[in-house]
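Asks: Chains as they are written, first to last, in numbering that gives the first Met the number 0: chain A, 0 to 215; chain B, 0 to 215.
Keep in mind the hints are simulated off the structure, nothing from the lab. There may be inaccurate statements among the hints.
The list treats identical chains as interchangeable, and a pair is accepted whether it falls inside one copy or across any two copies.
30 Å max Cα-Cα, derived DSS-like pairs, lysine-lysine [said to hold, decoys possible]:
id	residue 1	residue 2
1	Lys26	Lys115
2	Lys19	Lys115
3	Lys88	Lys26
4	Lys178	Lys197
5	Lys88	Lys208
The structure presented is a predicted model; accordingly, all values stated were derived computationally and were not measured.
Residue-level listing of the chains:
2 protein chains.
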Amino acid sequence: MNTISREQLIQQLNWRYATKQYDPNRKISSEDWAALEEAMRLTPSSYGLPSWKAVVVTDPEVRRRLQVFAFDQSQVTEASHLVIFAAKKQITEQEVDEYLNLVAEIRSTPRTSLQKFREALIGGVVNGMDEAARRAWAARQAYIGLGNFINSAALLGIDASPMEGFLPDEFDRVLGLDKHGLHAVVMVAAGYRAETDKYATLTKVRPAKEDFLMEV
Amino acid sequence: MNTISREQLIQQLNWRYATKQYDPNRKISSEDWAALEEAMRLTPSSYGLPSWKAVVVTDPEVRRRLQVFAFDQSQVTEASHLVIFAAKKQITEQEVDEYLNLVAEIRSTPRTSLQKFREALIGGVVNGMDEAARRAWAARQAYIGLGNFINSAALLGIDASPMEGFLPDEFDRVLGLDKHGLHAVVMVAAGYRAETDKYATLTKVRPAKEDFLMEV
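Chain A extracted, bound-state conformation (with noise of 0.2 Å):
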């Protein structure tokens, strides 16, 4: 255990903003961006089963293209980096088997121990919804991994923007998702905010806690 303070948590949530402007000079370290990959990668998400990817855009030319599908947002090419969350269109059973075949690997369990577990996630998930359902789900299961990012980044001091603002068929052809399969859903813009940034001074506009919180 290697737990961090209340305090820390609270002020560092309170310390981030949805960075408007980034200082396109700030570039994320190579070992903070490590950290925050492996954070994506370490997000729960629905039976364990993969169902969406992380697609990093390092392009220069790549991002100028996607910013003309973002409303021209200057966060899209000025941020250090870029993180278009890429949820899976289809689950199949083929890819069920692969993700229980890892889960066989890295559990040294017997491969038929698994399969109440099969059974469980085809008729969840490979049956158990219609295309339109199973894309609403893999979307959902992508927003855990962007909570997480937002909140791992403002951990470390880096800035980060969530931004749904962007044509998502365009962005899948711009960068081939729809050849993997892939369909994107949101994004996040990450660096540092630039001195000039005015967002970066306003008060945080949250609802009072009593009308953000229902007891029963």
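Starting from the known structure of chain A, fit chain B onto it as the hints suggest.
Replies: For chain B alone, coordinates are given in the frame of chain A:
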């Protein structure tokens, strides 16, 4: 700034797991729980618009009733705390105006200066989505809160289990969410793992880095 180290982040995210069996005698302290509630309240959301609420269920009898509609999973009653993430079914023009009043108040800015923002909110959320799309959008916002909660709990050394396996309509009924215009989308149990939880020592299964990350 009161940042944490990369090692803390990764160690705690590796420490966490979806706890199956809680120690029913260990309760989260009121100080830690207040920090987790505050972390949830600070969750970012699209446009900053409040789109979900956290329903904290403390009544043991209500938790027993919910358990029946959650496939009898023991976490529902045995974990120290239980939170239902409830998304708003509707975002009305009135709610947009209440939010803008809050922005104006907190930021001491004239309400008239928010007119363009109002148009974006009405166009983007109230009129720009049909009911199904708006519900899906609100549910995704709640999942950012879920990701934030899981991450925050892990960093404080508190166990948590995200749970989708329940009947949301029955939850709505038991918790009286309908009359508040809310719909249960996901829940989390939190507390401390029982020493006997065999899942605690299983190796975490995640896709390999090269299967999870795409670089463009």
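Asks: Check the structure against each numbered hint from earlier and tell me which ones fail, lowest number first.
Replies: Checked against the structure, the hints that fail are numbers 1, 3 and 4, while the rest are satisfied.
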